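There are 2 protein chains.
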Amino acid sequence: MKTTVIGLGLIGGSIAIDLRKAGIATSLVGVDRNSDHAAKAIELGIVDEIDLTDNALQTADLIIVAIPVNAMCQLLPSILDQIKADAVVIDAGSTKNLICKAVATHAKRDQFVAAHPIAGTENSGPTAAFSGLFRGKTNIVCEREKSAPQALALTLKVFEALGMNTIFMESDEHDKHVAYVSHLSHVSSFLLGQTVLDIEKDEKNIFALAGSGFASTVRLAKSSPEMWAPIFEQNLDYLSQALQEYIMHLQRFHYHLLKRDTTELHRIMSKANEIRRVLEGIELKTKNQHQTQPAG
Amino acid sequence: MKTTVIGLGLIGGSIAIDLRKAGIATSLVGVDRNSDHAAKAIELGIVDEIDLTDNALQTADLIIVAIPVNAMCQLLPSILDQIKADAVVIDAGSTKNLICKAVATHAKRDQFVAAHPIAGTENSGPTAAFSGLFRGKTNIVCEREKSAPQALALTLKVFEALGMNTIFMESDEHDKHVAYVSHLSHVSSFLLGQTVLDIEKDEKNIFALAGSGFASTVRLAKSSPEMWAPIFEQNLDYLSQALQEYIMHLQRFHYHLLKRDTTELHRIMSKANEIRRVLEGIELKTKNQHQTQPAG
Numbered sequence: 001m002k003t004t005v006i007g008l009g010l011i012g013g014s015i016a017i018d019l020r021k022a023g024i025a026t027s028l029v030g031v032d033r034n035s036d037h038a039a040k041a042i043e044l045g046i047v048d049e050i051d052l053t054d055n056a057l058q059t060a061d062l063i064i065v066a067i068p069v070n071a072m073c074q075l076l077p078s079i080l081d082q083i084k085a086d087a088v089v090i091d092a093g094s095t096k097n098l099i100c101k102a103v104a105t106h107a108k109r110d111q112f113v114a115a116h117p118i119a120g121t122e123n124s125g126p127t128a129a130f131s132g133l134f135r136g137k138t139n140i141v142c143e144r145e146k147s148a149p150q151a152l153a154l155t156l157k158v159f160e161a162l163g164m165n166t167i168f169m170e171s172d173e174h175d176k177h178v179a180y181v182s183h184l185s186h187v188s189s190f191l192l193g194q195t196v197l198d199i200e201k202d203e204k205n206i207f208a209l210a211g212s213g214f215a216s217t218v219r220l221a222k223s224s225p226e227m228w229a230p231i232f233e234q235n236l237d238y239l240s241q242a243l244q245e246y247i248m249h250l251q252r253f254h255y256h257l258l259k260r261d262t263t264e265l266h267r268i269m270s271k272a273n274e275i276r277r278v279l280e281g282i283e284l285k286t287k288n289q290h291q292t293q294p295a296g
Numbered sequence: 001m002k003t004t005v006i007g008l009g010l011i012g013g014s015i016a017i018d019l020r021k022a023g024i025a026t027s028l029v030g031v032d033r034n035s036d037h038a039a040k041a042i043e044l045g046i047v048d049e050i051d052l053t054d055n056a057l058q059t060a061d062l063i064i065v066a067i068p069v070n071a072m073c074q075l076l077p078s079i080l081d082q083i084k085a086d087a088v089v090i091d092a093g094s095t096k097n098l099i100c101k102a103v104a105t106h107a108k109r110d111q112f113v114a115a116h117p118i119a120g121t122e123n124s125g126p127t128a129a130f131s132g133l134f135r136g137k138t139n140i141v142c143e144r145e146k147s148a149p150q151a152l153a154l155t156l157k158v159f160e161a162l163g164m165n166t167i168f169m170e171s172d173e174h175d176k177h178v179a180y181v182s183h184l185s186h187v188s189s190f191l192l193g194q195t196v197l198d199i200e201k202d203e204k205n206i207f208a209l210a211g212s213g214f215a216s217t218v219r220l221a222k223s224s225p226e227m228w229a230p231i232f233e234q235n236l237d238y239l240s241q242a243l244q245e246y247i248m249h250l251q252r253f254h255y256h257l258l259k260r261d262t263t264e265l266h267r268i269m270s271k272a273n274e275i276r277r278v279l280e281g282i283e284l285k286t287k288n289q290h291q292t293q294p295a296g
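Taken in sequence, the protein lines are chains A and B. Per this note's numbering, the very first residue in the first sequence carries number 1; after that it's consecutive. Per this note's numbering, the very first residue in the second sequence carries number 1; after that it's consecutive.
Hints in this document: simulated from the structure, not taken from any laboratory. From a predicted model like this one, the values you see are computed outputs, not experimental measurements. Just so you know, not all the hints are guaranteed correct.
Which copy? The list can't say, so a pair holds if one copy fits it or any two copies do.
Straight-line Cα separation of at most 25 Å, DMTMM-like style, residue types lysine to aspartate or glutamate; simulated pairs [to be verified]: (1) K271 / D110; (2) K271 / E143; (3) K2 / D81; (4) K84 / E49; (5) K101 / E122; (6) K259 / D36; (7) K157 / D237; (8) K259 / E245; (9) K259 / D61; (10) K108 / D237; (11) K271 / E122; (12) K108 / E143; (13) K2 / D172; (14) K259 / E173; (15) K84 / D36; (16) K21 / E280.
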């Protein structure tokens, strides 16, 4: 299948690698306005060629779009304008509401599938891409009823080839959930990094202490601002709710700490401990409860 | 060397395993008031015997104390009361101010070394203990001038056997640094866990999204409340400062988010990105700058 990948970063690059491996992508055209990323993707063999002309869109059977979500909203309508009658466009954006709205009334809306393969690392660019990034993880498809059955079927085949389990949600429901579980984690990590860096100006030794768990808690603070600033803005309403709730919990904890209310601190931490059970149950849960088949 | 380990959890157990491996501990006596932990430590071969009598203190050459920091303050004076004239007691507590104060005027203060080997996982108990937990990490010794030279020398030998780099700090300086880098990370993670669990009551699907980085950010929320509640209380002043500063940064971020001030959000995240450079420099930095020799 003639495949074009727009955006040759961690996500686009990793999808390209595994689609070639699975035999789904028989030829791979890359599109990236960052010429260093484009050259690197060729050098690493992630794509066969770079083509920045309309040809990359007009001749492809499958187009994967993995670019920042603000660029996604701007470009998706003109991408759909160009594609062949039987081509399928899949996005990999971390928000879904505004992306779905951007193409809602497009004549070729049914050739588009709104997806969010949930995986990543704190690294970015084609050198960060690797085979297996998505294996065992969850992919979310939104507004399934607006995509043609054959577009959905190809999409499921694509994410199955990546080793993912696909579940379905409304785009609004998706954005709410990722605000709490993904976007809030990133904000909490970015600001933890900033808080500690602020102090480190005067206190050089502090970083000898990173073996304490700090390194893993602050890992997401290394993430790309170019990717995350647009995500936070597109998901402003739900992220704002989540952030306010997080701040409220921190303040309440702080209050009980100042009161030296050990019983309450203990209760809060014991409750938070339940996350262990929940996280350990994820794999089983997603496999048993969420696997569903596309409509139509 | 006849060694007694008081507290057979992750820290005490892991120290015991590697001190035996290094040939420093030729016999190992374990002390733990949790009889399940004691039995498990015997079963796993972490210690040779359990001895809850004063004999465990009176006959040992080296005593490692790895129990919650509130129990540490209570027990250390009576441990020192019992020991031989040439024995050395090393604690492994995560706070140092109150622990040092608890033994400040003890007649055998110079046989005690206040240490904090900075390593750990989110797991606890003897089954969580493993060889290599401390390798390549930093150990902090406080109030070095209050320990006898031979006690300090043995302590350095012990932590070198664990593969650690020892640095020296005043206990107050230690508590301030760990408040920001270690204790704040734990609070941020506990409350992130609580925030997301609160939402999950109504929203079952949310945990399919944990592949997004949530799992690593929330990892420390699995930590033991029995261990952490006393740490937070003992380090209340500095932790309160750190927590207030973190909340302030979160609120400022929230404000810029609500204003859709992309430039400022971008600036904050780019600044937080510097954590990558700092974390990558840790190993080099600690090896080059901080390695020092004991006084005396």
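Discussion item. Check the structure against each numbered hint from earlier and tell me which ones fail, lowest number first.
Written reply: Those not satisfied are hints 1, 2, 5, 6, 7, 9, 10, 13, 15 and 16.
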